[in-house]
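J.: Each chain, written out:
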Amino acid sequence: MTTKVRPKPFLVPHFCKGCGRCIDSCNKHCITAGTEIDPLTGLIPVHIDLDTCNGCGLCIDACPEPYGLTPIPEDATPADFELMDPEKLFGKKTNTAPNPVDIPDETIPLPKFEPLVVKGTYASAVGAILAGCRHFFGYPITPSTEGAELMAKLLPKLDGSFLQAVSEVATVNMMYGAGGAGLRAMTFTSSPGFSLMLEGISYMIGSELPGVFVNVMRGGPGLGNIAPEQSDIKLACRGLGHGNTQAIVLAPSTPQEMLDVTMLAFDLSFKYRNPVIILGDGYLGQMTGKVTLPPTMLRPGIPKWAVYGDAMHRANVHTSIYLDENDLENHNLHIIAKYELMAKNEQRADAFFTDDAEVLIVACNTPARMAKGAVEALRKDGIKAGLFRPITLWPFPIEAFRKSITHAKRIVVVEASNGQLEDEVRLALSKAGIHNPPEFEHVRHFGGILPQLDEIVAAVKGNEVAA
Amino acid sequence: MSSIFYDKFERHSHGEGLKGRATHYCPGCGHGLAHKYLAQAIETLGIQDRTVAVSPVGCSVFLYYYFDVGNTQAAHGRAPAVAIGHKVSNPDSIVISYQGDGDLASIGLAEIVSTAQLGIPISVIFINNAIYGMTGGQMAPTTLMGQKTATSPYGRNEYMGKPLKMAELIAQLDGPVYVERVALFDAKQRVRAEKAILKALRMQVEGKGFSFVEVLAECPTHLNMTPEESETWVKDVLANVFPLGVKKDVENPESWYHPAKPIFDPGMVMKVVGGTDEAPHRNCKSFPSHIAPNDISLKLAGAGGDGAQTAAMLIAQAGINEGFDATHIPSYGPESRGGTSYADVHIAEDEVLSPASPKPNILVAFNAPSLAKFGPLVKSGGTIVYDSSTVSDPPPPPAGVKQYGIPFTGIAMELGKQVVKNVVALGALQAVTNLFPADTFLIAIRQALKEKAKVIPLNEEAFARGQQAAAHLV
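These protein sequences, in sequence, are chains P and E. With the first sequence counted from 1, adding 1168 to any position gets you the numbering used here. With the second sequence counted from 1, adding 182 to any position gets you the numbering used here.
Treat the hints with care, as some may be off.
Said to hold, decoys possible - 20 Å max Cα-Cα, derived EDC-like pairs, lysine to aspartate or glutamate:
#1 K201(E) to E1493(P)
#2 K417(E) to D1192(P)
#3 K467(E) to E410(E)
Hints were generated in silico from the structure; no laboratory data involved. Note that the structure is predicted; figures quoted are calculated from it, not measured.
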């Protein structure tokens, strides 16, 4: 029978905060409150006298500091104590966590299939699945719920995970966890729910975590109604929670584009380690249309920065707290540099008859479809109208826009909001140094009414007559 | 020294000076001990590589300074939600949500209660010291009655609510398998705390379910006490309000969490999303430009439950099957049944530009209010089809618009299923407009019902009866 080794404790005084928990844990009264202030810490470490110590170890168990009371190493020499060299005393620990490497994504060809006939939210959900998303978190809210319902139906069949959270606040934080694990996670929500997610989006941006948010915008403010509006453009482009936040904002206008931009959103989200926001509108979410499937789908790997919960990724941490001012400034500079890259590389737009357009209509989402019809009607009547449709609302596609306004005498912004799209256009022009743009006019609606084709035509013509 | 602690705390002020080896906690703080027992449990169970520790907001926000495991830091109160995200992403990971009393029992109540009830196997370590530490000694949800804090300067009273007993609350729920409250004030309690934390992690390693350990901890700084006084206070005062002990311990719980690896097989994916490689047969020789040159606008309107949306969807599907573009937009009232239900459909030769139908070429009206509301908007040259079973006194159609009454409901009742009245309406629509050949509609109907094949004959008959009833009117 071997006797249990009962090492006696030792203490490097600098690592003792003098809390005294060890004092009353010792039955032999080996430890007493100290009397001298440690010049390095300003605290008063305990005093230990090991003459009567029987190595019971209770003091070690009572010490809250990782490098506080510690068993004396068997091979320690008195010199080690004199030098108080922690490495010698606590043993040199080699960090066994490996350097993580990327497990790459795999592109898998898809067989050729007939187009689907599906709603916009369905198209987005299908796009997510093809982009490799198997984790969905959400809270039901009209008019986005169909997307969540489809995910609830499809993901279990693919052994994915659908989780209805207790709220949108919990939703975004589950996405923080899944995105942090390096996986492709998404949610569908609608305006009031999106408001609730903003805090979490700020944390995701701060911790550089990916995730795709589809906000099927509805009428506001407050509870508003469940009909389409576009009044979250400001939130998505300028107000993603607190701090210096920015994310790519995509504005699809057809069910087909709902699928396409959802797939794109996942790629961009992982490319920049930043959330991506897809803004739809109530019409688009519920609109059924023809959706052609892409030639490939994705089996995602695991990025090297993930906190996946395995040996490879043990060294990683996700956090957005930087107590030191210099550290936080550097972190901000780092993420701002990413925003600049996004602004430079990710502008996307669709131009329709803009080459010679004298009246340039600007619209996105469903209003852009109405506007497209209006352009066709106006052209038939001999009016040189064109449509500029930003697909990225942030970054605003200013380079394409600059070309589209070459011949424009008027810019007519058509939107279901109080000028939130127009503000993006004006800000982009100003930042690009274009200080004398053509005159701005607008067609706006609220409360669930979208600008209609005839109305846009009338507005363009009416002003034509007035001019 | 547990090997689970970093060799040097590089994240603590870049590991400079003593900070590389010392925690940021005040003398006498309970967090250090909870950290130590957590580290020992991770070491004992051999789960260092699999562990993901979620740091909260509060004094333990810097948990990730110390633990050599996968780390993430959560927003205030949301650690359980973040933990769920990690656990479902990698079910083999061991996820620990470490939270203080403000984080867990105040701002994060919804997350902790719902996560506990979900019962997903994660381990929660809850540090209750009856005060807010990081923000500087304000009232916590667990602050005792009469206890003076920065935000209860005259002592907590009824207007501030009574202290919240989380371990008891969590133990009430069905989800958790193990709930215990422990303390740190003497050697005996510390041994219990150590064992409880080990058990909470073991329950997860064994996949048994959600565990919760509440640790009554000392905060001498904000209690304005010496470390020794604070230990006595926890023992004599705090533990009286928050009784120590096991609150729930399910013997041999059945694990329900057995996730499989997600599937990425393309064949399976296409099956699941409803893709098909069978091209539907086309019957149209050209676009039905006898109705409108290249873009036909329809409106279907009725009460919820009339089937207007399904009929609209079938028309759009039929159009797309024929190689045209088509859209359908629903609009309904908040009621699930009985409210208004309108559908706008467009069929375009190339591309639907404007998907709304404010002035339709074709109106299908299932009731009198819908006919009265939308009938006057139908374009000249257009067609109205309405349910003559429900509309006894139709208003005259606008000039240049043809209007036909067919008893959708009556025919459907004769067939024994009122729900097929929308298919009767489609038959009638086909007969009076020749939007598409009958086969085009029937293919779309069969496609939609491919998983309910036995009702296909009934729907085919409903379509035919609608056609016949309308045919003699044209």
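J.: A separate judgement is required for each hint: does it hold in the structure or not?
T.: Outcome of the hint check:
no., hint, in the structure
1, K201(E) to E1493(P), "holds, 18 Å"
2, K417(E) to D1192(P), "holds, 14 Å"
3, K467(E) to E410(E), "violated, 93 Å"
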